[in-house]
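Novice: Got chain A; can you put chain B on it based on the hints?
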Amino acid sequence: MRQIRSLPIRKNHAHRRAWFIPYLFLAPGIVLLIVWNYVPAVYAIWISLTNAAPGNSSQFIGFANYAHLLSDPSFWHSLLRSFEYLLVVPFLVIIPLLLAMLLNQRLPGVGVFRTLYFLPVVLSMVVVAIVFSQLFQTMGLLNASLMSLRIINQPISWLALPSIAIFVVMLVTVWKGIGYYMIVYLAGLQTVPQELIDSAKVDGANMLARLRYVLVPMLWPFMMFVMIMATLGAMQVFTEIYVLTGGGPLQSTTTLLFYVWQTTFSNYQFGYGAAAGEVIFVLLIAISYLEFRLSGKRWST
Amino acid sequence: MARSRRYLGTVLSYAAMTLGAIIFVGPLLWVISTSLMGPDQNPFLIPPQLIPHPATFANYQSVFKTWPFGDYLLNSLELAILSVAGTGIISTLTAYPLARMDFAGKKIVFALVIATLVLPGEAVLVPRYLLVNLFGMVNTFWGVAVPGFFSGFGVFLLRQAYLTLPRELEDAARIDGAGELRIFGQVMTPLIMPSLAALAIFTFLGSWDAFLWPLIILNSQQMYTAPLGLAYFFGYFGASWQLIAAASIIVILPVIIVFVSLQRLFINGVTGAVKG
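Protein chains in written order, with numbering that gives the first Met the number 0: chain A, 0 to 300; chain B, 0 to 275.
For reference, chain A alone in the conformation it holds in the complex (with noise of 0.2 Å):
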């Protein structure tokens, strides 16, 4: 018999393209990230150690910048507000879990109640702040029910008082952050096979004891992820703190942040404000780095 001879199979060379081509893909994206990313990065840098002001040829002053924000009582006031924002994350990071838990039930309409707590997310944050401010107003709806149930026989001016206002700007940052942080959780109980939920389950295990032993073991990357993203917003708020209190009374909300913008944009200090720019940098840079560690999770592609 004649053997049949097998064609000869070209073997799958990896197919050879011109060198340049990613390079000529990347150009675009690469030169607006160096330009609008880190180039402001070293520039920042630059003019926190310049007196830069509008229509100034802004010169080299040293460190006088940093001198000065060490002596600002305003900025040790305002570093501390931001500080005393992060209260926003442990909320972030609890209710949008438990309320995933709750809509991650098999029961009829619970997409519809999905839908509605995500609502906030996609709604814009000044008419937010605006609504909230409605709420929260001396003679606002908030004061009006607790007045008509007798709680309080006062009016309470929420939005008045230097140790209450920043408790405010924070439930609205709650308020909309909530629906976001709970469709992470929701994605993540996916992931949480249903198997090891109903086996413990039959051993017993009430939804505490779930919690703890099945859900938050599996759940934890999916906790890091929202404590890092919401630690990192609750250093960025500004439109709540813009539209509600103007960063009153008495400076009590001016965070870090809009401490940088109204010595920047509104006394027009650019050198003074890039200094102060540089601590929410490095702050930033910290917090996410210290989070990471803590999560012992490294960016996984």
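In short, the hints are calculated from the structure, not lab data. Check the hints yourself; a few may be wrong.
What follows is a list of derived Cβ distance ranges for each label pair [said to hold, decoys possible]:
1) B:180 - A:194: 46 to 56 Å
2) A:60 - B:231: 32 to 42 Å
3) B:173 - A:60: 55 to 65 Å
From chain B, some residues computed to sit far from chain A (all C-beta separations above 12 Å) [as the list claims (entries may be wrong)]:
4) 2
5) 20
6) 37
7) 90
8) 96
9) 220
Beyond 12 Å from chain A on every Cβ pair, some chain B residues (computed) [unchecked claim]:
10) 26
11) 50
12) 57
13) 83
Glycine is no exception: its CB is placed at the ideal position from the N, C-alpha and C atoms.
Specialist: Quick look at chain B alone, frame taken from chain A:
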């Protein structure tokens, strides 16, 4: 026993879900109701009315007649279109080689991209503004949009999508004689449309909602976007709450319509960002 316990669990679940719905949707309903009130009706009545009696659309008319609110909306739209187009183009072009090609320096490029995810623009507000000024783009939509064209999130999202496409597809197109540009534009990119759409929606939403950066860059009133115009009239004119409520509804209506009709894409966008 077990059955009645499960029944109780279900009832409690619905009770909790309904309470949540009131908390998240209640304020919105109140705004809608307020926007339909005349100037002599009290929006702070307890209990609040779902539909005021009598209801009127007069506030919606005044928003456009007494304020240049139509202009603000058009400005917002123009800015959003610019942002969506820019981010979409830049993200596809950058993500594609990162996912589908090997080249020297790939790791460095990827690291530079990823670093932007944790370093938001707010940290470099001042130098960015000075650069915009340097390029003469203060008080232009380009000045607002261009610094955001490169989006670490967008590149990341689309790269994940490109990675999932099978190698054979590319090879088959190549055997058919398609060049790199055609493989990119006509074979691969159409297949990542769901992710691209998610990115478009997120960018649109981000642009529509943007406040701080437009506030810094746009300094003349006729350039104001809807959120800036709204904050301006709320803060400086102290317009009536009924009027502000109507304007608020107008600002959020387009977004709500987009959201409700394209909900799945939203969710994919959020989860796509996490799964990366």
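Novice: Taking the hints in turn, state whether each one holds.
Specialist: A quick look at each hint next to the structure:
Under the hint 46 to 56 Å, the C-beta atoms of residue 180 (chain B) and residue 194 (chain A), about 48 Å apart, fit the expected range. Residue 60 (chain A) and residue 231 (chain B) have their C-beta atoms about 36 Å apart, which keeps the hinted 32 to 42 Å range intact. Between residue 173 (chain B) and residue 60 (chain A) the Cβ separation comes to about 59 Å, which falls inside the hinted range of 55 to 65 Å. Every CB of chain A is more than 12 Å from the CB of residue 2 (chain B) (nearest about 15 Å), matching its label as outside the interface.
Non-interface status of residue 20 (chain B) relative to chain A is broken: a Cβ of that chain comes within 12 Å, the nearest being about 5 Å off. Look at residue 37 (chain B): its CB is around 17 Å from the nearest CB on chain A, clear of 12 Å, so calling it non-interface holds up. Not every CB of chain A lies more than 12 Å from the CB of residue 90 (chain B), the least distance being 8 Å, so the non-interface label is violated. With a minimum CB-CB distance of about 4 Å to chain A, residue 96 (chain B) fails to clear the 12 Å threshold, and the non-interface call is violated.
The claim that residue 220 (chain B) lies off the interface holds: its Cβ sits roughly 16 Å from the closest Cβ of chain A, which is beyond the 12 Å cut-off. A cut-off of 12 Å between C-beta atoms contradicts the statement that residue 26 (chain B) is not in contact with chain A; the least separation is 5 Å. Against the 12 Å criterion, residue 50 (chain B) stays outside the reach of chain A, whose nearest CB is about 17 Å from its own CB. Residue placement check: residue 57 (chain B) keeps its beta carbon more than 12 Å from all beta carbons of chain A (closest about 19 Å).
Distance to chain A confirms residue 83 (chain B) as a non-interface residue, since its nearest Cβ pair spans about 15 Å, more than 12 Å.
Figure legend: structure checked against the earlier numbered hints; hints not met, in rising order: 5, 7, 8 and 10.
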